[in-house]
Amino acid sequence: MLFGAAVNADNPRGVASRFLGNIWALFALVFLASYTANLAAFMIAEESYYDLSGINDWRLRDPTSHRPPFRFATVPSGATEENMRMNYPDIANHMRNYSKSNIDEGIRTLKTFEIDAFIYDATVLQYRVGNDEDCKLKTVGNWYSMTGYGIGLPKGSKWRHRINHRILNTNQTLGVKNFISAFILLIGGMLFCCLLLLLEHCFYRRLRPQLKKWDRYGCCGLSMGQLLSFEQSVNQTVDLIKHHKCQNPICETQLWKLRHELDTTKRKLQRLEGMLNGRLQTATSTSENETRAVTDSAPTTIGNNGQEYLRITNW
Numbered sequence: 001m002l003f004g005a006a007v008n009a010d011n012p013r014g015v016a017s018r019f020l021g022n023i024w025a026l027f028a029l030v031f032l033a034s035y036t037a038n039l040a041a042f043m044i045a046e047e048s049y050y051d052l053s054g055i056n057d058w059r060l061r062d063p064t065s066h067r068p069p070f071r072f073a074t075v076p077s078g079a080t081e082e083n084m085r086m087n088y089p090d091i092a093n094h095m096r097n098y099s100k101s102n103i104d105e106g107i108r109t110l111k112t113f114e115i116d117a118f119i120y121d122a123t124v125l126q127y128r129v130g131n132d133e134d135c136k137l138k139t140v141g142n143w144y145s146m147t148g149y150g151i152g153l154p155k156g157s158k159w160r161h162r163i164n165h166r167i168l169n170t171n172q173t174l175g176v177k178n179f180i181s182a183f184i185l186l187i188g189g190m191l192f193c194c195l196l197l198l199l200e201h202c203f204y205r206r207l208r209p210q211l212k213k214w215d216r217y218g219c220c221g222l223s224m225g226q227l228l229s230f231e232q233s234v235n236q237t238v239d240l241i242k243h244h245k246c247q248n249p250i251c252e253t254q255l256w257k258l259r260h261e262l263d264t265t266k267r268k269l270q271r272l273e274g275m276l277n278g279r280l281q282t283a284t285s286t287s288e289n290e291t292r293a294v295t296d297s298a299p300t301t302i303g304n305n306g307q308e309y310l311r312i313t314n315w
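All residue numbers for the sequence shown refer to the UniProt record's numbering, where the first residue is 1 and numbers rise by one.
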């Protein structure tokens with residue numbers, strides 16, 4: 001589509017120009033592949049986890065009805081365990097069998113499938129999910145006993161702007177450094193293309209004339225992507241017939257083909273010249289007939305002195 005019939009340009013024929021076109025296509029393909037890969041991973045990725053509805057989920061209220069028994073835990077002697085012990089004693093008693101000493105141990109056992117769920121403060125869990133390097137954690141279910149977190153500062157405190165600036169900087173989008181490898185590929189391809197262009201220029205200016213003298217049987221392709229017009233092709237064929245002498249049957253066959261093509265081309269040219277001459281003659285005769293008809297139809301008037309003159313009229 002880039003070099004096809006949709007644009008008024010010839011396809012690249014040189015080695016350097018073709019290589020540069022391929023490098024640009026590969027550079028564009030990297031961006032397209034990264035976008036489609038992220039989109040596919042976001043839309044069709046399958047995740048295997050227990051989709052708990054909340055604290056009233058049947059797997060938490062009656063863990064023994066699940067086969068095998070559903071295992072979940074929390075950190076003991078904390079606000080989460082105290083709240084569960086006061087409002088849901090059965091759940092708290094079951095959690096006590098799998099309790100962990102701290103949140104790091106709870107997340108580690110959750111990743112190793114020693115437990116099936118870990119119950120803790122939602123804000124802390126969301127922070128751990130967002131900073132998980134393996135992206136294996138996910139928060140599920142509705143919040144229970146929601147409480148807010150805040151930082152109190154005196155009016156006009158110097159820390160307010162610093163904290164706000166730090167919070168705003170935590171949301172970072174993808175930049176150039178995330179695609180530095182693609183730009184390295186593009187720059188490297190351009191430099192290599194310049195090297196190929198220099199080698200192609202040296203070959204065309206220095207080595208091609210020598211190779212043309214040495215290669216008498218046409219074993220090497222020497223066109224280098226040079227575009228030839230119709231007139232140039234005919235002239236080269238005529239020169240080849242005049243100055244070339246065949247030494248083998250293969251050459252004679254090729255020479256016969258060239259002569260046949262030359263005769264065909266001459267006949268086409270003669271036919272085109274005849275058509276052009278015929279159209280010119282037809283156009284000339286038509287113009288003369290129209291001029292004669294206008295002259296014959298012009299009205300005349302007899303003057304006072306008896307002489308005949310033409311009256312000018314607007315046609």
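It is worth saying that the hints were derived from the structure and are not from the lab.
If you're wondering where the values come from, they're calculated on a predicted model, not measured in any experiment.
Warning: the hint list may mix true and false statements.
[As the list claims (entries may be wrong)] Pairs of lysine-lysine, DSSO-like flavour, derived with a Cα cap of 27 Å: (1) Lys138 to Lys111; (2) Lys268 to Lys257; (3) Lys177 to Lys158; (4) Lys177 to Lys136.
Legend entry - Numbers of unmet hints, in rising order: Failing hint: just 3.
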